[in-house]
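**Q** Using the hints, position chain B against chain A.
2 protein chains.
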Amino acid sequence: MSSKIVTISREYGSGGKYIGELVAKKLGIPFYDKEIMEKIAEETGFVNEFIERLAEYAPSKSIFAYAFVGRNSLGESMEDYIQNVQRKIILDLAEKGPCVIVGRSADYILRDRADVLNVFIHGGEEEKKKRICSLRGVSEAEAVKLMRDIDKKRSVNYKYYTGQTWGNIKNYILSLNSTEIGVENCAEIIAQVYKL
Amino acid sequence: MSSKIVTISREYGSGGKYIGELVAKKLGIPFYDKEIMEKIAEETGFVNEFIERLAEYAPSKSIFAYAFVGRNSLGESMEDYIQNVQRKIILDLAEKGPCVIVGRSADYILRDRADVLNVFIHGGEEEKKKRICSLRGVSEAEAVKLMRDIDKKRSVNYKYYTGQTWGNIKNYILSLNSTEIGVENCAEIIAQVYKL
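Chains as they are written, first to last, in numbering that gives the first Met the number 0: chain A, 0 to 195; chain B, 0 to 195.
Excised from the complex, chain A in its bound form (with noise of 0.2 Å):
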């Protein structure tokens, strides 16, 4: 299927990131995620933008005069606008050469490109309570409530800038169980897909 391009969704606690990671190191090809886009918003001037566009219309310069605006000069919401942004990053990078992109219902961005190999991981939920309860000292409870939490917000944000539905089985080429198949097996498996 020639790809080039991995996307990753993922279920918290799945270890879809740590996935994606491997992935890019097995192809040799760069891995971005939340905060490498961040960075690159930052970066590339895109904040400083958005920043200057509100000023014009803020009834003061500073960033927090937003809360009262609500909206920019074009009428975006500040969501509106950071998942605007993110979207031009993505077709940046994906216009730049192969990469793995976790999160940011890139899948849907990049849907007009035939070389898009689209992954989806999930996972028990068992492991996935615990593989959070270890990566951010959290207890059980908190690990779940986190779970629900994010997930529900990852779903509520995909179907509001997509109008799909998140882990719907026909957007993804693959998806994975990563408790069942094991993390390093599910890298392996991505990669071996992609180079098809």
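Hints are computed from structural coordinates only; laboratory data are not their basis.
Just so it is clear, the structure is predicted and the values come from calculations on it, not from any experiment.
Be aware that one or more of the hints could be misleading.
Put simply, identical chains are the same to the list, so a pair is met inside one copy or across any two.
As the list claims (entries may be wrong) - The list that follows gives simulated cross-link-like pairs (lysine to aspartate or glutamate, DMTMM-like), each with its CA atoms no further than 20 Å apart:
1. K144 <-> D79
2. K169 <-> D148
3. K3 <-> E125
4. K169 <-> D79
5. K169 <-> D150
6. K95 <-> E126
7. K33 <-> D79
8. K129 <-> E41
9. K194 <-> E183
10. K38 <-> D114
11. K169 <-> E125
12. K24 <-> E124
13. K38 <-> E20
14. K169 <-> E124
15. K129 <-> E78
16. K152 <-> E124
17. K169 <-> E126
18. K144 <-> E34
**A** Same frame as chain A, but now just chain B:
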């Protein structure tokens, strides 16, 4: 994950049955589908048992009498009875040893076993349509109708007998788009995960 049984659920036209046959061949284990299970049902006397039970209560000794009775002596509808027979056959087959089972809600029927690799195969509409036209010798319009009707029936039956949603990503350890990945490669990946 030390699998013994592979269950394959699939969209009509996705090549899931053929993939199942390839997996069974690769692993050197038996393959079972609807036709084979119907034969087993006949051989094991399940079907006779049904006719006999029916005969006790039906006004005539003919199977057609069933149409007027609607239920057998256990109050089962014909469809419930067939489902129950298939359930027993699938549990027996899984008990006997490693095998590949296509369809028949086998993933749900074997849910209490820890050694089952549940797989879902789906595909692109165009490729599925082409496969159906070529295999069944029907027109494109008929293929589209078959796809819609058969998958709807699978979905409704699955819901009725399992209470779950057919094609829910969480029910499968592995889900593959056979159009993008290719049927041979799908079989290879399934065999590989089976051996983990």
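**Q** It remains to establish, for every hint, whether it holds in the given structure.
**A** Each hint tested on the structure:
1. K144 <-> D79: Neither way: K144 and D79 sit 26 Å apart in one copy and 40 Å across, limit 20 Å.
2. K169 <-> D148: Close across copies (18 Å), not inside one copy (24 Å); limit 20 Å.
3. K3 <-> E125: Result: close neither inside a copy nor across copies, 34 Å intra and 23 Å inter.
4. K169 <-> D79: Close neither inside one copy (26 Å) nor across copies (30 Å); limit 20 Å.
5. K169 <-> D150: Cα proximity of K169 and D150: in one copy and across copies (19 Å, 14 Å).
6. K95 <-> E126: Neither: 36 Å inside a copy, 31 Å across copies.
7. K33 <-> D79: within (16 Å within a copy, 50 Å between copies)
8. K129 <-> E41: Neither: 34 Å inside a chain and 48 Å across chains, both beyond 20 Å.
9. K194 <-> E183: both (17 Å within a copy, 15 Å between copies)
10. K38 <-> D114: neither (26 Å within a copy, 44 Å between copies)
11. K169 <-> E125: between (26 Å within a copy, 14 Å between copies)
12. K24 <-> E124: neither (27 Å within a copy, 34 Å between copies)
13. K38 <-> E20: So K38 and E20 pass the 20 Å test inside one copy only (17 Å; across, 49 Å).
14. K169 <-> E124: between (23 Å within a copy, 11 Å between copies)
15. K129 <-> E78: Result: close neither inside a copy nor across copies, 31 Å intra and 43 Å inter.
16. K152 <-> E124: Answer is within; shortest intra-copy Cα gap is 18 Å, inter-copy 31 Å.
17. K169 <-> E126: Close across copies (14 Å), not inside one copy (25 Å); limit 20 Å.
18. K144 <-> E34: For K144 and E34, the Cα distance exceeds 20 Å both inside one copy (22 Å) and across copies (47 Å).
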